[in-house]
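There are 2 protein chains.
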Amino acid sequence: MIAECPVPRAESERVLLGHGAGGRLTAELLEHTVLPAFGGQNGPLEDAANLPGFDALVMTTDGFVVSPLFFPGGDIGSLAVHGTINDLAMRGAVPIALSVALIVEEGLELGRLEAVLRSLGKAAQEAGVPVITGDTKVVGRGAADQVFITTTGIGRRLPGLSPSASDARAGDAVLLSSPIGLHGTAVLSTREGLGFEADIASDTRPLHRLVAALAPLGDRLHVLRDPTRGGLAAALNEIARDSGVAVDIDEGAVPVPGPVAAACDILGLDPLHVANEGCMVAFVAPDAADAALAALRSLPEGSGAVRIGNVLAADGHPGRVVMRTAVGARRVVDMPLGEQLPRIC
Amino acid sequence: MIAECPVPRAESERVLLGHGAGGRLTAELLEHTVLPAFGGQNGPLEDAANLPGFDALVMTTDGFVVSPLFFPGGDIGSLAVHGTINDLAMRGAVPIALSVALIVEEGLELGRLEAVLRSLGKAAQEAGVPVITGDTKVVGRGAADQVFITTTGIGRRLPGLSPSASDARAGDAVLLSSPIGLHGTAVLSTREGLGFEADIASDTRPLHRLVAALAPLGDRLHVLRDPTRGGLAAALNEIARDSGVAVDIDEGAVPVPGPVAAACDILGLDPLHVANEGCMVAFVAPDAADAALAALRSLPEGSGAVRIGNVLAADGHPGRVVMRTAVGARRVVDMPLGEQLPRIC
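Heads up: the protein sequence lines correspond to chains A and B, in order. Just so you know, our numbering puts the end of the first sequence at 408, numbered straight through with nothing missing. Just so you know, our numbering puts the end of the second sequence at 408, numbered straight through with nothing missing.
Bound-form chain A, shown alone (with noise of 0.2 Å):
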């Protein structure tokens, strides 16, 4: 995965939006540009790692720069607090500690930093996990846009969980908890003034105790993964990608709320690229299925969970994420490649 540019960059070459976007330019830029710069000897720079030295703990960290600051069902406080106790509880882990770290533009109205920052302290509460440190910096006008909120979470394993990306096994069960595409619409909505903002409420919310209800199943949970950036079509490919499987899914069986259909229709979207904040995909051994989707069925986090596919015996294509329509069709689920909705984070 480490590997060094493999031409001379040009001068030219500039950031682009997309390259923040989840997608296979966001792959581009830490292969060639971001992991080589850290020796490349720590590995792959992963959501959440393993803190050296304390095999139960595990580290994130999170920039928060989604726009507007405010947008039906949370903020980017809130944001801030449920994106980072989900990289942890996506390796099997429940929050113990948080840090945020505040980039504030000058002339801001204090009234709103306050708001963002009380939403940050509930979820916090909310969640049971205590901020324990955290900065704040002022940029002058134009240097920033509003308030940008870094949070770094540290989480303790739950006994005998560990999935990883990498995991997924031929036979594997493919779970979802809850319904896509709800996040990347409402903000986008409310940023455009769409007037979907009505209908669609962000998902944003903990899943550390969707995870905790699935401590149960032990080795036989393989992979968890929040599908955020990049949507359910980057979190599958991925998985696919680093397991080394292929992955079936059943069109019909991923739950699409109709005003995110009707959003993405009108917007050109797919809903399978729209940013989620509050569900997560589990690949399960088979015979562990439907003991998991009792247990995520048990919260009402998860109330909605379905299986949506599962993974292919070895059929000579690892790495591809297929989808079987309603017409009985088969298609490739591409890893999206940049940015369709910047700043949904």
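Since the hints were derived computationally from the structure, they do not count as laboratory data. One thing to keep in mind: the hints can contain errors.
Now the stretches of chain A that chain B is said to cover, found in silico as 3 or more residues with beta-carbon under 8 Å [what the hints assert, rightly or not]:
no., stretch
1, 154-165
2, 169-176
3, 202-208
4, 222-228
Note that the Cβ used here is the ideal one computed from N, Cα and C, for glycine as well.
We have chain A already, so just place chain B on it with the hints.
Same frame as chain A, now just chain B:
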């Protein structure tokens, strides 16, 4: 320290540059806006905090927004590593892991981003700490200024050391590890093209080895603080306030390099208020002063260590920092109010 805002905030109140400068306005922002939002039950937000349930571990986070990205002696990449390592070191800890979150402006030259990241990776490697996880967000042109970096560090406390800004005691010797004023004047001079940058280079460097050299002092090492934003004046005032003691400094003993003094004279700055990124103050028991100085001077980064003053016996002015000038007068060293030097770190 944690209190509700005593009066309703006017709609018109806005964030000022000075709110991020490390002085009195920063303290007000923390006290009235940030801390109440986090419920207060977690205690004061410190630069580096104990990780709940893991007594040996501390966590710190810092956003870096320095402008320009490159300056004599360093750049935003190395600074982001050193600043975070030093926050850990001031709690008596050595770094065991870093995370790095980038917020990049669309259009930044990839070569420039690579240079920053290479410097960051090199600084981490030289300090012996791995970057274990990261995040990259891209925002549109004009929504950020080139690149902001938030670094979070986890450190392991050195056995027997528990320095705290609230632990200064009457009679303590006040030591300073190296001359002051270099970082702030180097950055300012570069940004404004003042021409001092030929003679002044930032002192940015990691201080954890200096702290490790002090470890044999054990509980005779009372306070460590690196005088970053707000300079030596802010650091000493915070210690005096948090410990409830009066601090007496000998002006003639505080090393200010000639070019720094000249730059400050012309710019109307007090060198005591200028940010540093490679020196620290240590408060040690009187009988440990000589051993501490010898330990500091045993390393290149502490070769210029000096004693600059002491903590007074209870004198009725706890929280006050006083400086004896060359002509024998005494003046109060105030906490800087707000911003002298924006975007210095």
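Each hint, compared with the structure:
1. 154-165: Since 6 is at least three, the answer is holds.
2. 169-176: Since three or more residues must qualify, the claim that chain B covers the stretch 169-176 of chain A holds, with 7 doing so at under 8 Å.
3. 202-208: holds (count 6)
4. 222-228: violated (count 0)
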